[in-house]
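*Asks:* Sequence:
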Amino acid sequence: MKPTQIEIRGLKELERNLIKLQKEYGGKAGARAIRPAVTAALKPLEQRILETTPVDEGTLRDSVKRRVGAVTRDMRAFSPSKYKSTTVIAGRVGYWGKRVYKRAVSMEYGTVNVAARHTLRDAFDAEANGMARVFGEKLGPAIEKTAKALHRKQTRG
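Take 338 as the starting number for the sequence shown in the working numbering and just add one per residue.
Calculated from the structure, these hints are not laboratory results.
Even glycine gets a Cβ: it sits at the ideal position worked out from N, Cα and C.
Misleading hints may appear alongside valid ones.
[Claimed, not checked] Taking lysine-lysine pairs in the DSS-like style, the calculated list, with each CA pair at most 25 Å apart, reads:
id : residue 1 : residue 2
1  : Lys435    : Lys357
2  : Lys439    : Lys357
3  : Lys365    : Lys485
4  : Lys380    : Lys365
5  : Lys349    : Lys439
6  : Lys482    : Lys357
7  : Lys402    : Lys357
8  : Lys421    : Lys365
9  : Lys419    : Lys357
10 : Lys490    : Lys365
11 : Lys475    : Lys349
12 : Lys475    : Lys485
13 : Lys439    : Lys421
14 : Lys435    : Lys402
15 : Lys435    : Lys360
16 : Lys482    : Lys365
17 : Lys421    : Lys360
18 : Lys360    : Lys439
19 : Lys435    : Lys349
20 : Lys380    : Lys482
21 : Lys349    : Lys360
22 : Lys402    : Lys380
[Stated by the list, open to error] What follows is a list of derived Cβ distance ranges for each label pair:
id : residue 1 : residue 2 : range
23 : Asn354    : Arg493    : 42 to 48 Å
24 : Val451    : Asp399    : 39 to 45 Å
25 : Tyr446    : Asp411    : 16 to 22 Å
26 : Arg404    : Gly473    : 37 to 43 Å
27 : Arg454    : Thr409    : 45 to 51 Å
28 : Asp462    : Leu348    : 18 to 24 Å
29 : Gly363    : Thr448    : 47 to 53 Å
30 : Lys349    : Arg436    : 22 to 28 Å
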């Protein structure tokens, strides 16, 4: 299968503007501003994974969750230069929980007796372009809304 390619332009300008927002309002204002766009972009991926996950007792399907937040230690260790900015947040969708880990790995990569199904990879490949489009559509309004809220909070306090 050919890897999915997504082209996104303007990330350097976005990061510069998010850093300006953080300097003006402090804290993690930049990450807070892009969170709604990341969350909206992940919703179709989560739905696709829920729809395509095989169901036996339903344990694996019930473990599907969307998480948006800070970059993990593992992500930083894998690629420290990418994750050094305070404007970066991670959006992840997958199977969560110790009880489902072996089942999820077996389903995704297969076993001696069962062929790989690649549910997560196929869902990402199918939704990648749509996720990038939704992120782009939601980003501007999310940043403006956060900036207005921070400005109101700053002028009141």
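*Asks:* Compare the structure with each hint and give your call.
*Replies:* Right, here's what the structure says about each hint:
1. Lys435 to Lys357: violated (40 Å)
2. Lys439 to Lys357: violated (44 Å)
3. Lys365 to Lys485: holds (15 Å)
4. Lys380 to Lys365: Since the Cα atoms of Lys380 and Lys365 sit roughly 23 Å apart, the hinted pair holds (cutoff 25 Å).
5. Lys349 to Lys439: violated (39 Å)
6. Lys482 to Lys357: Answer holds: Lys482 to Lys357 is near 16 Å, not above 25 Å.
7. Lys402 to Lys357: Outside the cut-off at roughly 32 Å; violated.
8. Lys421 to Lys365: holds (13 Å)
9. Lys419 to Lys357: holds (19 Å)
10. Lys490 to Lys365: holds (15 Å)
11. Lys475 to Lys349: The given pair, whose Cα atoms are some 18 Å apart, holds under the 25 Å limit.
12. Lys475 to Lys485: holds (16 Å)
13. Lys439 to Lys421: Violated, because 32 Å separates the two Cα atoms, which is more than 25 Å.
14. Lys435 to Lys402: holds (13 Å)
15. Lys435 to Lys360: violated (40 Å)
16. Lys482 to Lys365: holds (15 Å)
17. Lys421 to Lys360: This hinted pair holds, its Cα atoms lying about 16 Å apart.
18. Lys360 to Lys439: This hinted pair is violated, its Cα atoms lying about 44 Å apart.
19. Lys435 to Lys349: violated (38 Å)
20. Lys380 to Lys482: Holds. Lys380 to Lys482 sits at ~20 Å (cutoff 25 Å).
21. Lys349 to Lys360: holds (17 Å)
22. Lys402 to Lys380: Roughly 10 Å separates the two Cα atoms, so the pair holds.
23. Asn354 to Arg493: 42 to 48 Å: violated (24 Å)
24. Val451 to Asp399: 39 to 45 Å: At 20 Å between Cβs, range violated.
25. Tyr446 to Asp411: 16 to 22 Å: holds (19 Å)
26. Arg404 to Gly473: 37 to 43 Å: violated (21 Å)
27. Arg454 to Thr409: 45 to 51 Å: About 25 Å separates the Cβ atoms of Arg454 and Thr409, which means 45 to 51 Å is violated.
28. Asp462 to Leu348: 18 to 24 Å: holds (22 Å)
29. Gly363 to Thr448: 47 to 53 Å: holds (51 Å)
30. Lys349 to Arg436: 22 to 28 Å: violated (42 Å)
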